[in-house]
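Participant: Work the whole structure out from these sequences, hints included.
There are 2 protein chains.
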Amino acid sequence: SMSVYILENKTHGNKAFSNLNEGYGKVLRYGAYSEEVLERLRWLNGGMAATLGKAIELSGGIDIRALLAEALHMGDEGHNRNKAGSVLYTAKLAPFIAQAAPDSETAAKILKSLGDNALSVLNPVMACCKAMADAAHNVEGSTIVSTMARNGTDFGIRVSGLGERWFTAPVATPKGLYFPGFTEADASGDIGDSTITETAGIGGFAMASAPAIVTFVSGTPKDAINATLEMYEITIAEHKAFTIPQLDFRGSPTGIDIRKVVETNTTPRINTGIAHKEAGVGQVGAGLVRPPMEVFHEALMAFAEKYGF
Amino acid sequence: SMSVYILENKTHGNKAFSNLNEGYGKVLRYGAYSEEVLERLRWLNGGMAATLGKAIELSGGIDIRALLAEALHMGDEGHNRNKAGSVLYTAKLAPFIAQAAPDSETAAKILKSLGDNALSVLNPVMACCKAMADAAHNVEGSTIVSTMARNGTDFGIRVSGLGERWFTAPVATPKGLYFPGFTEADASGDIGDSTITETAGIGGFAMASAPAIVTFVSGTPKDAINATLEMYEITIAEHKAFTIPQLDFRGSPTGIDIRKVVETNTTPRINTGIAHKEAGVGQVGAGLVRPPMEVFHEALMAFAEKYGF
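If you read the protein sequences in the order shown, they are chains E and D. Just so it is clear: in the first sequence, position 228 is 228 by the working numbering, and no numbers are missing. Here the working numbering runs 309 ahead of the position in the second sequence, where the first position is 1.
Just so you know, these hints were derived from the structure itself, not from any lab. Mixed in with the good hints there might be a few duds.
No more than 27 angstroms apart at the CA atoms, straight line, and that leaves these computed lysine-lysine pairs for DSSO-like [as the list claims (entries may be wrong)]:
#	chain 1	residue 1	chain 2	residue 2
1	E	LYS277	E	LYS222
2	D	LYS531	E	LYS240
3	D	LYS531	E	LYS112
4	E	LYS109	D	LYS363
5	D	LYS421	E	LYS54
6	E	LYS54	E	LYS112
7	E	LYS112	D	LYS421
8	E	LYS109	D	LYS421
9	E	LYS109	D	LYS418
10	E	LYS26	D	LYS319
11	E	LYS15	E	LYS54
12	E	LYS222	D	LYS549
13	E	LYS26	E	LYS112
14	E	LYS10	D	LYS549
15	E	LYS112	D	LYS418
16	D	LYS418	E	LYS54
17	D	LYS319	D	LYS363
18	E	LYS222	D	LYS418
If you're wondering where the values come from, they're calculated on a predicted model, not measured in any experiment.
Facilitator: In structure tokens form, the structure reads like this:
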């Protein structure tokens, strides 16, 4: 077992969890499990988690939604680019880590580990999105997507008004940029549950906030603006907390409506990491992908059957 | 006397210096000198500077130009918005501060002070700009502005090919937004030497990088883009290290050419803080200002006299 972050939705009282982020490349969450991977996990779960837990307690808890809102004003989109969020997270926790660590060497090691990892805050961010999305699940009559997740083979969604049923279809392979030494031929099918970020209105949906991300996922800054603009077509609301300076502080497009997806024939845009297709290698790139349209068709039919209209 | 940062231009070997940043509001550099101001200065110059100095030594030195380049991809423009740069600076130094501090309480206090102050990195950034601009000074035949500075009464520039002569004229008053309780009636004339940032191609010149700054200085994100676009008209180059994602990674407009300023009748754009007109109060707002056109006219005439064309 591994230590986890606990994220609480203060309004609705529900909680979500995530482990500690391992960084890029050879990491367990992308299928790598060599000795160095296990060694890092032991350190994360040992000295790091113990001190981090104490530091978070000393801090009284970090408001991840507020941090994320700030990061969106600092060039992050919260899924594939968390550079600003991760240094904000490091800087906010730093005084408490200094106090909580058993000695200054441990404090220094943890601070370096958090500050150097541009994904440090991704895991608390995903759990924050999960805590928000779960609060929107199981609303009678709602056509809003409350979960999107992939397992490398199938892409699945759940819809708020359709309970625990998953609508699934085969995944696509992300298009993007590869780390040195890897190509599209190495890519696994789309994988992971990080699409909870797009479900909650950030990531690919807030890409306009993150023009510099194109150096990592391909495309141009104009594409990033267009990605967000397109997502307004399939969402029900503009986020009150997450605003996009590049679009005159318009709220990020939030709440995927299966009716709008089908009506406009536009699937959600997802920024994601790319795993190697073989177990043991790890993350090999990052790029863009969309869910299969079938899952939205199927969900809409199920909705019509259940609610009779 | 106060401890200073030492910034070295590694290419040219020249150095520049700046003190530690005090934060916003009641601060000595904007004319406040109450007991709380002096108390903070004593702390900055005492425990903080001692540990920070050791930490910077342990780190082997921080590459402020690289940090600034990163911050421009994170919504800063480097003069009036240094939010990202300051947390980057805090996160980079944090492990070394943990090691250098005499005890964990001091480490925590310094980390909190650096991380909570969105201007922490402004002073090293200004000294970095000074070290770059000084290297461009005293180039025979050069029409590039190598210094801009204001003292609340006069605005002065120096031109690279015109040696130590200052060209001065009365300052304007910045237009901007005021901190609660203050209005334009409280504003001092434009003041300070922070315009070294615009001289070096950031600040108002890189405003396109910082759409969220408009909440602090007034205007719209589109104005921020236009500010940078206009500055390409009066500059000689596009910066190699400082690129602007919003403009497809175009280099920031750098090197104000007095010939272009006069020819296009366009003065440089400056983002700046606003001081209270009475001594003892401090910073009361932030906004935008331009130098008086006369100084460029005068400099161009002096150039023609000296070089005979």
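Participant: Hint by hint, note whether the structure agrees.
Facilitator: Verification of the hints:
For the given pair, LYS277 of chain E sits about 31 angstroms from LYS222 of chain E by alpha-carbon distance, which is inconsistent with the 27 angstroms threshold. A hinted pair counts as satisfied when its Cα atoms are at most 27 angstroms apart, and LYS531 of chain D with LYS240 of chain E qualifies at roughly 22 angstroms. With a CA separation close to 37 angstroms, the supplied pair LYS531 of chain D and LYS112 of chain E exceeds the 27 angstroms bound. About 17 angstroms separates the Cα atoms of LYS109 of chain E and LYS363 of chain D, which keeps this hinted pair within 27 angstroms; it holds.
Pair hint LYS421 of chain D plus LYS54 of chain E holds up; C-alpha atoms about 17 angstroms apart against a cutoff of 27 angstroms. Between LYS54 of chain E and LYS112 of chain E, the direct Cα distance comes to roughly 17 angstroms. Compliance with the 27 angstroms bound is thereby established for this hinted pair. Simply put, LYS112 of chain E and LYS421 of chain D have alpha-carbon atoms about 16 angstroms apart, close enough for the 27 angstroms limit, and the pair holds. Of the pairs offered as hints, the one joining LYS109 of chain E and LYS421 of chain D holds, with about 18 angstroms between alpha carbons and a cut-off of 27 angstroms not exceeded.
For the hint linking LYS109 of chain E to LYS418 of chain D, the alpha-carbon distance of about 19 angstroms falls within 27 angstroms, and the restraint holds. Between the alpha carbons of LYS26 of chain E and LYS319 of chain D the distance comes to roughly 36 angstroms, so the proposed pair goes past 27 angstroms and is violated. Between LYS15 of chain E and LYS54 of chain E the CA atoms are separated by roughly 19 angstroms; this keeps the pair inside 27 angstroms, and the hint holds. With a C-alpha separation of about 22 angstroms, the suggested pairing of LYS222 of chain E with LYS549 of chain D holds against the 27 angstroms cut-off.
Note on LYS26 of chain E and LYS112 of chain E: the hinted pairing holds, with a Cα-Cα distance of about 19 angstroms set against a maximum of 27 angstroms. Between the alpha carbons of LYS10 of chain E and LYS549 of chain D the distance comes to roughly 46 angstroms, so the proposed pair goes past 27 angstroms and is violated. Proposed proximity of LYS112 of chain E and LYS418 of chain D is supported: the alpha carbons are some 18 angstroms apart, at most 27 angstroms. With a C-alpha separation of about 17 angstroms, the suggested pair LYS418 of chain D and LYS54 of chain E falls inside the 27 angstroms cut-off, and the hint holds.
For the given pair, LYS319 of chain D sits about 21 angstroms from LYS363 of chain D by alpha-carbon distance, which is consistent with the 27 angstroms threshold. Straight-line distance between C-alpha atoms of LYS222 of chain E and LYS418 of chain D comes to about 42 angstroms, which puts the hinted pair past the 27 angstroms bound.
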